[in-house]
Amino acid sequence: MAEKNRRIPLSGPLRDVGKFLLLIGLIVWFLARGTEQLGYHWQWYRVPRYVFSIDEGRLILGPLMTGLKITFEITGISLLLASVFGIATALCRLSGSFMARLLARGYLEIIRNTPLLVQLFFIYFVLGPVIGLSRFSSAVLALSLFEGAYASEIFRAGIVSIHRGQWEAAHSLGLSLPDTYIHIILPQAIRQILPSLTGQAISLIKDSALVSTIAIYDLTMRGQEIIAETFLTFEIWFTVAAIYLMITVVLSVAVNLMENHLRVDT
Amino acid sequence: MKNTEVPLHKNALGDHIIHVEKVNKIFPNGVHALRDFSTNIRRNEVLVIIGPSGSGKSTLLRCINGLEQIDSGIIIVDGIPLDDDKNHRLEIRIEVGMVFQLFNLFPHMTVLANINLAQKRVRKKTTAEATETTMDLLERVGMVDKADSYPGQLSGGQQQRVAIARALAMKPMVMLFDEATSALDPEMIGEVLDVMRNLAKEGMTMVVVTHEMGFAREVSDRVIFMEDGRKVEEAAAAQFFTNPKEERTQQFLSQIL
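Protein chains in written order, with this note's numbering: chain A, 182 to 447; chain B, 63 to 319.
If you're looking for bench data, these hints aren't it; they were derived computationally from the structure.
Any given hint could turn out to be false.
[Stated by the list, open to error] If you want the ones that stay clear, here's a sample from chain B, every Cβ over 12 angstroms from chain A, calculated: (1) P114; (2) N127; (3) H170; (4) A175.
[Claimed, not checked] Using C-beta positions, here's what the derived DEER-type ranges look like: (5) B/K186 - A/P296: 44 to 52 angstroms; (6) A/L358 - B/E201: 30 to 38 angstroms; (7) A/L261 - B/G204: 40 to 48 angstroms; (8) A/L275 - B/R185: 23 to 31 angstroms; (9) B/K263 - A/P368: 33 to 41 angstroms.
[What the hints assert, rightly or not] Derived contacts from chain B toward chain A, CB cut-off under 8 angstroms, selection only: (10) L129; (11) K148; (12) P169; (13) V184; (14) G218; (15) F303; (16) I318; (17) L319.
Computed from a predicted structure; not experimentally measured.
Even for Gly, the Cβ is constructed at its ideal location relative to N, Cα and C.
One chain only, chain A, in its complex shape (with noise of 0.2 angstroms):
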């Protein structure tokens, strides 16, 4: 490696971060041209306000911040009912039960071959005045049963994908078939899938601005509605934007994380 750097000045991590600035750049520089000739005046001086303001010393959240409140609470919840979904649907997918494998299997093809949007506009249109379901229910229930779809058949792959001999010593030792799963063969199967898992809450935390459709206040919700008011399009789409990446990078990131730290363990 040393030898290498000196070879080629600027290798290594510098080389990559002075790549990464030029092409930040010359993306800057391009829309820059793109924007003055549109005309359009940038006014990026009254985005703050609308993050975050500090009065009399005191921080108060702008509507961005509120929003992005929502769309934790949604995403949040909607990935702990996703998980529960995607587990149970998985489960019953290898089960021995024809019924349970058939209902599996009609969820999973009702959603994942039908729009979120149509599945959201059901759920609160339809669905909801039937059975008293919220605003804030029915984007939740939403999400998490589209997610879930998706979520089972990682499940699945991850809990095929344990070797047989788990299985028969699990069986050979008299344990029943809950305590096989939930102490052999999902423990090790969610360190398998962790990076696909990963993906999926990415999805989900993207999917939530959806939810605006049905008039919930999340993050995006708040930014079509300062648009209107403000007609700022350009800097608030770019916030709301980087709001979203910053949220599923810093995910990404610790998963990472966690999965050296799970492998090191084993």
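Please arrange chain B on chain A, whose structure you already have, making use of the hints.
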């Protein structure tokens, strides 16, 4: 042993802890792994099963503890018939310990947790009680200092000794060994055979599928030679190795001894 029919079987079996009668096993791919196989295993007996690969030795062990469903015949373990009754199958699984060729330890758990798990979940012991038993067993297999290691950090021989301890922790009445040393490097076979030898001396009922003829000769009470799912010859160990009756047995022994 809640079942009322159990004493009846026990009387009928007398000294036999495992009764195998006319068992047939045909795999979905058409392989006829066991053909009208019958034998009885007595308490405290060490039965060694030998034979060429694909002769049905492992299938027999796997049928005895319910890992494979038999197609016809009768298997009774300590008075409990291995039938469609879930409770019967569960009791047999608990009472019959099994050691696998590839150890099958749980890689995400320490050695201690591997051995504690079924004691806590199946035998309903507290962690302290389970740990006490576990440490005793690890002492017996010479692995006390590895209690907090993960299986991946152990050699094959060490993993197999832990696997034996894990099976023993359930206090089984019978131990089945399915080619327990076949996946091991030669220098590690001895340490595992030592553990098995000690178990035999302590009077454990054992059914051992092995290719280790020296071990079979030394430890076994009785030997069965199998081929094509059939019992070719069954004899007391001394007689089997010195004076086999069947020509096929003589041929097999001359090849591997």
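Tested hints:
With a closest Cβ-Cβ approach of about 23 angstroms to chain A, B/P114 is found to remain outside the 12 angstroms limit, as its non-interface label requires. For B/N127, the requirement that its beta carbon stay farther than 12 angstroms from each beta carbon of chain A is not met, with the minimum near 6 angstroms. Its beta-carbon lying about 5 angstroms from the closest one in chain A, B/H170 breaks the requirement of being farther than 12 angstroms from that chain. Here B/A175 does not stay apart from chain A, with its beta-carbon only about 9 angstroms from theirs, under the 12 angstroms limit.
Separation of B/K186 from A/P296 is about 50 angstroms and conforms to the stated range, judged on CB atoms against 44 to 52 angstroms. Distance hint for A/L358 and B/E201: a CB-CB separation of about 33 angstroms, consistent with the stated range 30 to 38 angstroms. Checked against the given bound of 40 to 48 angstroms, the beta carbons of A/L261 and B/G204, roughly 46 angstroms apart, stay inside it. A beta carbon spacing of about 27 angstroms between A/L275 and B/R185 agrees with the range 23 to 31 angstroms that was offered as a hint.
Between B/K263 and A/P368, the C-beta spacing of about 37 angstroms keeps the proposed range 33 to 41 angstroms intact. At about 6 angstroms, the closest approach between the beta carbon of B/L129 and any beta carbon in chain A falls short of 8 angstroms, and the interface hint on this residue holds. Taking 8 angstroms as the C-beta contact cut-off toward chain A, the hint placing B/K148 at the interface is violated, the least distance being around 10 angstroms. Nearest Cβ of chain A to the Cβ of B/P169: about 6 angstroms, under the 8 angstroms cut. The hint holds.
The beta carbon of B/V184 comes within 5 angstroms of a beta carbon in chain A, closer than 8 angstroms, and the hint placing it at the interface holds. Because the beta carbon of B/G218 sits about 14 angstroms from the nearest beta carbon in chain A, more than 8 angstroms, this interface hint is broken. The closest approach between the C-beta of B/F303 and any C-beta of chain A is roughly 30 angstroms, which is over the 8 angstroms cut-off, so the hint fails. At about 27 angstroms, the closest approach between the beta carbon of B/I318 and any beta carbon in chain A exceeds 8 angstroms, and the interface hint on this residue is violated.
Checking B/L319 against chain A by beta carbon gives a least distance of about 31 angstroms; that is not within 8 angstroms, so the hint is violated.
Comparing the model with each earlier hint shows violations of hints 2, 3, 4, 11, 14, 15, 16 and 17; every other hint is respected.
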